[in-house]
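Q: The lines below spell out each chain.
Protein chains: 2
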Amino acid sequence: MKITAAVVSIVLLVAAQNAFGQFPAEDVSRYAIKDFAFEHGQTLPSVVVAYATRGRLNAEKSNAVLLPSPYAADLHGYDALVGPGRALDPNKQFLILTGMFANGQSSSPSNTPAPHSGPDFPRVTIRDNVRAAHELVTQQLGITKLKAVVGYSMGAQQAYQWAVSYPEMVESIAVICGNAKQYPFGVIRLEGSIAALKADSAWNNGHYTLPPVKGLRAFALHYAAWSQSPASWPRDMLDGMSDQQVDQFLRSLEAPALGMDANNILSQAETWKRHNIGDTPGYIGNVEAALRAIKARVLLMPCRSDLYFPVADAEYEATILQNGELAVIESSTGHAAGGGADPQAIRFIDEKLIGLLK
Amino acid sequence: MKITAAVVSIVLLVAAQNAFGQFPAEDVSRYAIKDFAFEHGQTLPSVVVAYATRGRLNAEKSNAVLLPSPYAADLHGYDALVGPGRALDPNKQFLILTGMFANGQSSSPSNTPAPHSGPDFPRVTIRDNVRAAHELVTQQLGITKLKAVVGYSMGAQQAYQWAVSYPEMVESIAVICGNAKQYPFGVIRLEGSIAALKADSAWNNGHYTLPPVKGLRAFALHYAAWSQSPASWPRDMLDGMSDQQVDQFLRSLEAPALGMDANNILSQAETWKRHNIGDTPGYIGNVEAALRAIKARVLLMPCRSDLYFPVADAEYEATILQNGELAVIESSTGHAAGGGADPQAIRFIDEKLIGLLK
Chain A
1 MKITAAVVSI VLLVAAQNAF GQFPAEDVSR YAIKDFAFEH GQTLPSVVVA YATRGRLNAE
61 KSNAVLLPSP YAADLHGYDA LVGPGRALDP NKQFLILTGM FANGQSSSPS NTPAPHSGPD
121 FPRVTIRDNV RAAHELVTQQ LGITKLKAVV GYSMGAQQAY QWAVSYPEMV ESIAVICGNA
181 KQYPFGVIRL EGSIAALKAD SAWNNGHYTL PPVKGLRAFA LHYAAWSQSP ASWPRDMLDG
241 MSDQQVDQFL RSLEAPALGM DANNILSQAE TWKRHNIGDT PGYIGNVEAA LRAIKARVLL
301 MPCRSDLYFP VADAEYEATI LQNGELAVIE SSTGHAAGGG ADPQAIRFID EKLIGLLK
Chain B
1001 MKITAAVVSI VLLVAAQNAF GQFPAEDVSR YAIKDFAFEH GQTLPSVVVA YATRGRLNAE
1061 KSNAVLLPSP YAADLHGYDA LVGPGRALDP NKQFLILTGM FANGQSSSPS NTPAPHSGPD
1121 FPRVTIRDNV RAAHELVTQQ LGITKLKAVV GYSMGAQQAY QWAVSYPEMV ESIAVICGNA
1181 KQYPFGVIRL EGSIAALKAD SAWNNGHYTL PPVKGLRAFA LHYAAWSQSP ASWPRDMLDG
1241 MSDQQVDQFL RSLEAPALGM DANNILSQAE TWKRHNIGDT PGYIGNVEAA LRAIKARVLL
1301 MPCRSDLYFP VADAEYEATI LQNGELAVIE SSTGHAAGGG ADPQAIRFID EKLIGLLK
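Which chain is which? The protein sequence lines are A and B, in order.
All residue numbers for the first sequence refer to the working numbering, where the first residue is 1 and numbers rise by one.
All residue numbers for the second sequence refer to the working numbering, where the first residue is 1001 and numbers rise by one.
Derived from the structure by calculation, the hints contain no laboratory data.
Note that this is a predicted model, so its numbers are computed, not measured.
All C-beta atoms in this analysis are idealised placements derived from N, C-alpha and C, irrespective of residue type, glycine included.
Label-pair ranges, simulated between beta-carbon atoms:
# : chain 1 : residue 1 : chain 2 : residue 2 : range
1 : A       : Arg292    : B       : Ile1320   : 49 to 55 angstroms
2 : B       : Arg1251   : A       : Glu168    : 40 to 46 angstroms
3 : A       : Ala255    : B       : Asp1079   : 39 to 45 angstroms
4 : B       : Ala1202   : A       : Thr209    : 18 to 24 angstroms
5 : B       : Arg1292   : A       : Asp243    : 23 to 29 angstroms
6 : B       : Pro1090   : A       : Glu39     : 58 to 64 angstroms
7 : A       : Ala312    : B       : Asn1091   : 39 to 45 angstroms
8 : A       : Gly85     : B       : Ile1320   : 41 to 47 angstroms
9 : A       : Gly259    : B       : Gln1248   : 32 to 38 angstroms
If the Cβ cut is set under 10 angstroms, some of the chain A residues that face chain B in the computed set are:
#  : residue
10 : Leu190
11 : Ala225
12 : Pro234
All chains should be built: construct the whole structure from the sequences, respecting the hints.
A: Structure below.
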């Protein structure tokens, strides 16, 4: 049956994209910050930023590259881009991988004690994440310059925010399949995923005892369709399958979300949905003003077939940036191209990153 | 506030697309068929096909054009294309508008008595719809030739099926934002909408007493994002809105589904999902064999920015058809372009239809 290989590889891709696999336990570090005040007013007595490093900081402390985690990902979000001979070569760069709040490793609804657990976890912004990572990088790692912040998807939101929040500290950023702001189409798209999860009454406003399985399944199907592109699914893929087999295949697409914590992924979705570098103090909500102020070199890498970060939005941002370079990833694998779904896309990104890090 | 006009017009568009408005009651006719055997084995003692006509059949009976309803639509699905001076001019053509099974006017889960009501309504195929409409056209209206079948979206699936099921009867078809088969990407996309609705336990496997409101809302948000395109939503549309106002806007997008019957829209979604003209007897599931056999002139009109019927699939079909013409709708309004969202697109479609009907 011709479908098998395609189906398996695609299911694996979806899983990999949302990988909740772990680094060896001894390899994930946790940096604690006391009395962390979130942008929207809540303060936690202590938060943790999960991180890992690869390679060594050189004597000049000039080879640090930060890789902030994308949506629903642990510290493996950049595995496809890291390796010997690559731009992100641990033999040359000192790579710092950080986990976002609510990713299940850093402070999250799932791992924070009451009264801030679950749905009572503070509302998080991208700026909160960037500020926490800034403290990690400067206080814990003793680094005052980042050669680059390289970010994919929500990682790209963080990269952009770094360039706005800490202009003196960031030489360059790579924005892979992401934007400076979540534009309205993406807000509506994200709200679809949120509503699908919350439609399950087992979600119970976040006070579930057992996972809201039907909601998580619907959520996974949302991403199965959006995270890739039509061309990712061969036209004859389901040919010759019985109704039952098609159904089995559709159910297999739901698997990636079943291990996720609903409150964690909802928290991150809200963070994503509301992001705008223009909301940084001083820019009164104006994304263009914030874009214009960026001094770092910006490498913009949207993917041609990305269904939720359209190339047009990166083109728009490129026209406003002082020092932006647009390099479109010509892949038919959609948003997932930036996460490792397309080896050719990864090679292209790698080449552009080599240029950026030169 | 600059957003207001855009928001309102977009909400109206979404509403119009799923219009459940009514023709004047006296204007909708109902054709009954006894002992209707559905393709998948169930038989209803009686089914009804809701229809309306516009214009007059000429003496030669050579001016009949059939317009089968798209998804979740009543007989108003083609309002944007019909009118004096248009290709679909009631002064020249005899227009026959038919409602699909499960559209709430023709036999549907919502209007069929027990034991075939609600979730016990038979599984429906596009071929079932086409066979019922064929009986209406031939037996009730006494027509043996259709000048054209013009279909948008699921209407396009029906147009294609007409050309395969009744080749001697159909001179030409127009396939607007639709395909001969629901290819795998679309299957996955549709399953996302189905799962979002079913995640609501109020749905209760179709045995609801009150509407599954949360599921219907999630379903509407699914379509809000998919049925148009990113460019349909201006980048500054939500600027200056409070969180509450943004939320209010998102809730407004859910309104179109609240008047719908869940079992009706799920039934139609399954019909859509499983469509393949290759499943017509004689073609053993092979869509290419069925495409090759079509003798009618086929006008293929995908929209450049349609998120669920990609241009690539129409291009693929055009290479197989004997007599196919590809005319891409260059609109940025996505799938909705074929339903009236873009006046320029409607003019373009109209011009191409004038050519087809000449």
